[in-house]
Structures are given as C-alpha cells and as structure tokens.
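Novice: Start from the sequences, fold in the hints, and give me the full structure.
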Amino acid sequence: MTILQALAPVAGLGVNCAAQVLYCRRSGRLLKSVYRGFAAGAAACALVCGLNAELLPALVTYGALGYCYFHFLNLGETARRIRIVRELAEAGPAGLSKGELLARYNAKTMVEARFARLLNNAQVTERDGRYYVGRPAVLHMARVLVFMKRLLLGRSSEQSKDEKY
Amino acid sequence: MKTLFWGNLVFFSFFLLHLAVWKVKLPVRQTKVLLFILFGGLAASLAGFLLFPSLSPLGFGVPAGAGELLAVSLYVTSFILAYMITYSAVEADSPTLVMIKAVADAGEKGLRKEDFFAAMNDAVLVEPRLKDLLTDRMAVLENGRYVLTGKGRLFAAIFSRYRALLGLGKGG
Chain A
24 MTILQALAPV
34 AGLGVNCAAQ
44 VLYCRRSGRL
54 LKSVYRGFAA
64 GAAACALVCG
74 LNAELLPALV
84 TYGALGYCYF
94 HFLNLGETAR
104 RIRIVRELAE
114 AGPAGLSKGE
124 LLARYNAKTM
134 VEARFARLLN
144 NAQVTERDGR
154 YYVGRPAVLH
164 MARVLVFMKR
174 LLLGRSSEQS
184 KDEKY
Chain B
3 MKTLFWGNLV
13 FFSFFLLHLA
23 VWKVKLPVRQ
33 TKVLLFILFG
43 GLAASLAGFL
53 LFPSLSPLGF
63 GVPAGAGELL
73 AVSLYVTSFI
83 LAYMITYSAV
93 EADSPTLVMI
103 KAVADAGEKG
113 LRKEDFFAAM
123 NDAVLVEPRL
133 KDLLTDRMAV
143 LENGRYVLTG
153 KGRLFAAIFS
163 RYRALLGLGK
173 GG
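So the sequence lines, in the order shown, correspond to chains A and B. Numbering-wise (the numbering used here), the first sequence opens with residue 24 and increments by one. Numbering-wise (the numbering used here), the second sequence opens with residue 3 and increments by one.
Bear in mind the hints are in silico, worked out from the structure with no lab data behind them. Every value quoted in this text rests on a predicted model; they were computed, and no experiment measured them. Any given hint could turn out to be false.
[What the hints assert, rightly or not] Taking lysine to aspartate or glutamate pairs in the EDC-like style, the calculated list, with each CA pair at most 20 Å apart, reads: (1) B:K115 x A:E149; (2) B:K133 x B:E93; (3) A:K121 x B:D134; (4) B:K27 x A:E181; (5) A:K172 x B:E93; (6) A:K172 x B:D134; (7) B:K153 x A:E181; (8) B:K111 x A:E149; (9) A:K121 x B:E144; (10) A:K131 x A:E110; (11) A:K172 x B:D107; (12) B:K133 x A:E110; (13) B:K153 x A:E110; (14) B:K115 x A:D151; (15) A:K121 x A:E110; (16) B:K111 x A:E110; (17) B:K115 x A:E135; (18) A:K131 x B:E129; (19) A:K121 x B:D124; (20) B:K34 x B:D138; (21) B:K153 x B:D124; (22) B:K133 x A:E123.
Specialist: Below, the structure is given as structure tokens:
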C-alpha cells in the first residue's frame, strides 16, 4: 500500500469540508450541505485510493471521519456547552455571573427552540393541547443512547445518578 | 483486508479494556481517561507491530511499511474520534432526546406542554453544563463570576470562527 492510498480518507475529508462550507455559504442550508459534502468527499477518497482491496477500509475510515465532521458541525449548532462558552467569550475577561448567563441563555429558550424543531420535523405531534410521538427516528436514537448510558455509566440519565454509582 | 482486521482488533480490544475499567470505577475525568486508554492502546499496538513483525494470527500478517502502518493508524484514530464524540452524548443528557423520551413515556394520554416545561428547567439543562466547564478547566469561578480559561477561549474561538465561515449564527 502506498502512502497516498493510506491518506485517501484524509483527502476525502478535506474535500468534504471544502464542499460543505462552499454549499452552506451559498445556500444557507446546513443539513443539505452536510450530505453533499459527504458525497463529494467519498468520491474524492475513492478517486485517490483507486479500485483495489484498500478501497473498502479507506471508505470505512472516511465514513468515520465524516461522522466526526458531522458531529463537529452539530456541536456548533446545538451543543449547550459550546453556546455557554461563546457567551462567556463575548463577555470578555470580566466573565458572567450565573444570573447574567441565564438572562442570555436559559432552559426556556433552549426548550422552545428544540420543541419547534421536533414539531417542524413531525417527530412530535400535537392534539388538543397534548403532545405525542410522531415519526419515531429521534425516539429510536434516544433509546440507543439510554442503552449505552446503562451499559457504560450504570444509569439512564444525568438526573438518576443514584441508580448504580 | 489487513487494515480492516488489525484496525478492528486494536480498536475493539482497547474498547473492551475501557468497558472493564468503567465497570470497576467510573473515572472523574472520563474523557481524559478514555483518550489515554484508546490512544495509548494504538501506540502500544504500533510498537508491537514493529517489535514482532513475524506475527500472523488467522493468516493476517502484521502491518508493515509506512503505508500499511499509516492506514491502520488512521483507521483506529477515526474510530476513536467517532466513539469519543458519541461518548459525549452518553455522558450528558441531550435536551432533544430527553424531550422526545418524556413525550414517549406519557404514552396514549399524551404530554401537556406545561408539564414538560416544569421538568425542563435551568437546574436540569444549564447548570450541569456550567459544572462541566469547571471540571474540564474551560472556565473558573472568580468572585461568583464564570471566566474562561485559555482552553475555554480556544474552544470558543474554534466554533465562532467556523460558524462565521459557514455564515451561520450562534447556535445552541
């Protein structure tokens, strides 16, 4: 195996990032830009590696790197910790008290935004002022994560720390 | 196929070691210990490949030469990073997933919005993340004020600049 073939997944990731940034800047559509960037990167990875026995591991490696890039973008989009860090950075060297921080970013705004997203994507539906599960994709993800939490941490959520430890 | 065989063997061996350690005692700084186990395992495996070049379990000779060693290193590194990023979702409760699970748990009678907001408050959603920033030394508490450390400022700059590059707002 040549070094160039070994580096094919990295080349693919580079193309993925560049294509995703360009498409996102032009269209403003984050999720669609992620899909297009991933496809462009996979093509570049295959092109650099060539059609041989090394292509499958190269594509698996590229897939894992693409998954990381997707989550990097997702962290910037939805992660609470990143948003808090950015609020503190904007506040400068004086920082923020808990009250000042909560005035800028709090549970109410956070939940409203996520609830709107769930309703828009039909993951949750509303009937007579009550909410029900719609499409179950996000629910399946939640169940997988609960399974992993039980396996790794011995509890099903941060709020149930007394289950095992 | 050599990359797939050795890459999976190395990653899953040290993944099992991580599971065993977690069963014995959950580390305080989980991410740091996880990185140490998985990247330490990769480094030890690469050293093993160089020290024992004639090993050939199940007919798969150890990776040899710069290309093969690089391919296996990248394969394992990509899996480690993918697992690390997934693990962050295991460590902390995602509000969206907690919300959908609460709706599902309400079953056929459904969930009232007011009940929902009563359970999802700052103490549940914001304060644990503030505590994480202190644990991970991204911020310090000075006279009742949260102030970023150098690590926290670097973290903020990476995401701010990338979001600006994408032409997107604050997020969160």
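Novice: All the hints need checking, so say for each whether the structure fits it.
Specialist: We went through each hint and held it up to the structure:
no., hint, result
1, B:K115 x A:E149, "holds, 10 Å"
2, B:K133 x B:E93, "holds, 13 Å"
3, A:K121 x B:D134, "holds, 14 Å"
4, B:K27 x A:E181, "holds, 17 Å"
5, A:K172 x B:E93, "holds, 7 Å"
6, A:K172 x B:D134, "holds, 17 Å"
7, B:K153 x A:E181, "violated, 25 Å"
8, B:K111 x A:E149, "holds, 12 Å"
9, A:K121 x B:E144, "holds, 12 Å"
10, A:K131 x A:E110, "holds, 17 Å"
11, A:K172 x B:D107, "holds, 18 Å"
12, B:K133 x A:E110, "holds, 15 Å"
13, B:K153 x A:E110, "holds, 15 Å"
14, B:K115 x A:D151, "holds, 11 Å"
15, A:K121 x A:E110, "holds, 12 Å"
16, B:K111 x A:E110, "violated, 39 Å"
17, B:K115 x A:E135, "holds, 10 Å"
18, A:K131 x B:E129, "holds, 13 Å"
19, A:K121 x B:D124, "holds, 10 Å"
20, B:K34 x B:D138, "holds, 9 Å"
21, B:K153 x B:D124, "violated, 25 Å"
22, B:K133 x A:E123, "holds, 16 Å"
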